[in-house]
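Asker: Chains as they are written, first to last, in my numbering: chain Z, 1252 to 1395; chain L, 1252 to 1395; chain A, 1252 to 1395; chain R, 1252 to 1395; chain X, 1252 to 1395; chain G, 1252 to 1395.
Misleading hints may appear alongside valid ones.
One copy or two, either will do: identical chains are not told apart, so a pair holds if it fits within one copy or between any two.
[As the list claims (entries may be wrong)] DSBU-like, lysine-lysine: derived pairs with alpha carbons at most 30 Å apart:
1) Lys1306 x Lys1288
2) Lys1288 x Lys1307
3) Lys1361 x Lys1288
Since the hints were derived computationally from the structure, they do not count as laboratory data.
Protein chains: 6
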Amino acid sequence: MSLSEEKLIGKLAMLSVLDETYTSHVDVLGWQQCIGKVGSMESNKVVAAIETAAKKNEIINGSVYRETHALYHAIMEALHGVTRGQVQLGTVLRTVGLKFSIVRGTPYEKEAEGEWIAVALYGTIGAPVKGLEHEAIGLGINHI
Amino acid sequence: MSLSEEKLIGKLAMLSVLDETYTSHVDVLGWQQCIGKVGSMESNKVVAAIETAAKKNEIINGSVYRETHALYHAIMEALHGVTRGQVQLGTVLRTVGLKFSIVRGTPYEKEAEGEWIAVALYGTIGAPVKGLEHEAIGLGINHI
Amino acid sequence: MSLSEEKLIGKLAMLSVLDETYTSHVDVLGWQQCIGKVGSMESNKVVAAIETAAKKNEIINGSVYRETHALYHAIMEALHGVTRGQVQLGTVLRTVGLKFSIVRGTPYEKEAEGEWIAVALYGTIGAPVKGLEHEAIGLGINHI
Amino acid sequence: MSLSEEKLIGKLAMLSVLDETYTSHVDVLGWQQCIGKVGSMESNKVVAAIETAAKKNEIINGSVYRETHALYHAIMEALHGVTRGQVQLGTVLRTVGLKFSIVRGTPYEKEAEGEWIAVALYGTIGAPVKGLEHEAIGLGINHI
Amino acid sequence: MSLSEEKLIGKLAMLSVLDETYTSHVDVLGWQQCIGKVGSMESNKVVAAIETAAKKNEIINGSVYRETHALYHAIMEALHGVTRGQVQLGTVLRTVGLKFSIVRGTPYEKEAEGEWIAVALYGTIGAPVKGLEHEAIGLGINHI
Amino acid sequence: MSLSEEKLIGKLAMLSVLDETYTSHVDVLGWQQCIGKVGSMESNKVVAAIETAAKKNEIINGSVYRETHALYHAIMEALHGVTRGQVQLGTVLRTVGLKFSIVRGTPYEKEAEGEWIAVALYGTIGAPVKGLEHEAIGLGINHI
Ligand SMILES: [Mg+2]
Ligand SMILES: [Mg+2]
Ligand SMILES: [Mg+2]
Ligand SMILES: [Mg+2]
Ligand SMILES: [Mg+2]
Ligand SMILES: [Mg+2]
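Start from the sequences, fold in the hints, and give me the full structure.
Answerer: Right, dumping it as structure tokens:
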């Protein structure tokens, strides 16, 4: 497989969001990473929180559109896993509490494959009442 | 949170599919679990492989429809995370190689919440050519 | 409401598929109707069965595309209710056994609203094993 | 068919929303049922109205998440039939006026199949202008 | 092909939105057309702008529901091309700047095919920041 | 707008598929382009035809996954415009006859934005019977 076994960017992003001790694995590779949290009934706020964290932590260069574009589609793909059908939260009366991990690195053995970005989400989704919720997970990956 | 911190069924299912050493965490809880693999361009074969493993390993009772129904929807939800938009593989010229973990347990503190089932998927998705692929993840959770 | 209370085409189509005694209500209005059955794992066969019945029973004129087009979209909308997310059957390992009713009539009080077509579906959806299924319903309505 | 012919929960829910005389059929079976109405351009208000009615009429126990979860997914599935593509109302400039019926019962012959819940919706969908609308129907069914 | 080569309503609508010199092609056919612009993060405002333009320019008769219905579905189909997955804008933190062309005419050789309506959209979609955007296109066609 | 007015890659791709005289505009910019045709009821064959043309005409380097990945998502986005809801053809009993244009170039003024790819589709979609069809259009754009 062209994906290098020690450089599985999606797995690393997901593990680091599930268990913070894994963030060191990303550091060892010399890749960039940031971890954050967002809770909202408004899906646009979830997108905004992840984008803001990525820019503030310089995972992406916010003034270059191709980087914003790569990240945006990775976020949307990750939200598909969390929402499973309609990328909607409050409009279908549900809310999320999510931890997110954004990793930028070079997961492929061939240098020509360049950089990729992974967005991993883990948390809960459910009614806007504490406890009426179950877990949800999403992963989006894109070339950058 | 009503979800017991040590009994996060989704997290445990996902961790055990990412790293097999985590399967013991599920055993400690006395929950049922099975792990398997499936690779296919046919989405129905992916569904069938997971259903068959769940029945064969007695995670669900295949002769009770409510159990099959709970599992089916959990699988479909997990596939949303893997496919991110259209639950289609070969019909849009892509294939998956997935590892799956099915966990059945009691993640909530309150006994009345009963049993739940989690289906975690991790692997690669891409063109039907080795190496032209990236990682994908999905998680589906349902009451059973 | 511009929809005439005694001419609710969707309600009449649905009632006649749930209980054949209601077909007389459609006849009284002088509207056209046909009722049929289709069972398949192949979604295209479901579409074909409904289209064929509509043409054979002269509910639509199969040689006029605008009539075929109106019916096709009504069928697709009805299938959304049956499939609830992805208009797929066998590709996600499920099958349907459906009764369908196609009604063509003039449900609006104003003459300018002209003819409309309703496709009502009722039956079961589930695993390709007898009994592992629950009911499903769909209704599609279009101007013709 | 394992679904008992006199206990077709989806059919009974749909018939009772189309014609109130059918509510007695549900009573005869000793099942629980409630009927209500909701009109809104905000999809979350439709979900809320159905959930509130179910709790207030004790169709579900609102303090047990598994019951809320079962109902929520049944509502979402029913809304797929009503919206046919995107579970959106005001955000795509349309509004609904719906009658709903929620039925909880034991539709399968085998006792092990336990309780199920059906949400049937019938009404109109259209532009936010009286009369610019057609009928819409949805049914969601889940084990509870 | 029953579609007359010089009367390709979709092509004409799209060309006239891409290059205004093409609007004369529509005039030559004696068809109705209007062109407009809308920029918004609110998807309902995009729908409203197109509907309002169509009524004001008498492309459709706003007091006849079947005409509004035909236009509405054509708009929704065109928005699928622009949004590519979820017909959402601000709720997924993106905005559009669109030019639209609405054409009503008789694209088929056979007279029985009657009138059809095409809605063509062209513009940009992206983050709510000038320049962080790429182009998007959509076309919806319906019988009217 | 950061998109250079003379370098609107999506517009150029769409115009060249609607009217071949526009292909010279792409040549003038020194960008790469190829034009082709595909007709099929099988959505995977549509994807394959476009991918094959892009590789054969060296629009993308088929041995570099990031290029295949960029093209694949552009194709899928373009297909959303053509299919408007479900990226399915034969499985919902419809077929397409499409002309496609693939353009690779540098549409942004800032050099850092690098190369982008556009896939434009134009043709007909309809029943698998000649003439029972209307036009369809799709555009997908991605950074490469
Ligand atoms: Mg991808
Ligand atoms: Mg759920
Ligand atoms: Mg409609
Ligand atoms: Mg179900
Ligand atoms: Mg159509
Ligand atoms: Mg994009």
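Asker: Would you mind marking each hint as holding or not holding in the structure?
Answerer: Comparing the hints with the structure gives:
For the homomeric pair lysine 1306 and lysine 1288, the shortest alpha-carbon distance inside one copy (15 Å) is at most 30 Å, but the shortest distance between copies (32 Å) is not. In the homo-oligomer, the alpha carbons of lysine 1288 and lysine 1307 lie at most 30 Å apart inside one protomer (14 Å), although the nearest pairing across protomers, at 35 Å, exceeds that limit. Proximity of lysine 1361 and lysine 1288 under a CA criterion of 30 Å is satisfied inter-copy only: 27 Å between copies versus 33 Å inside one chain copy.
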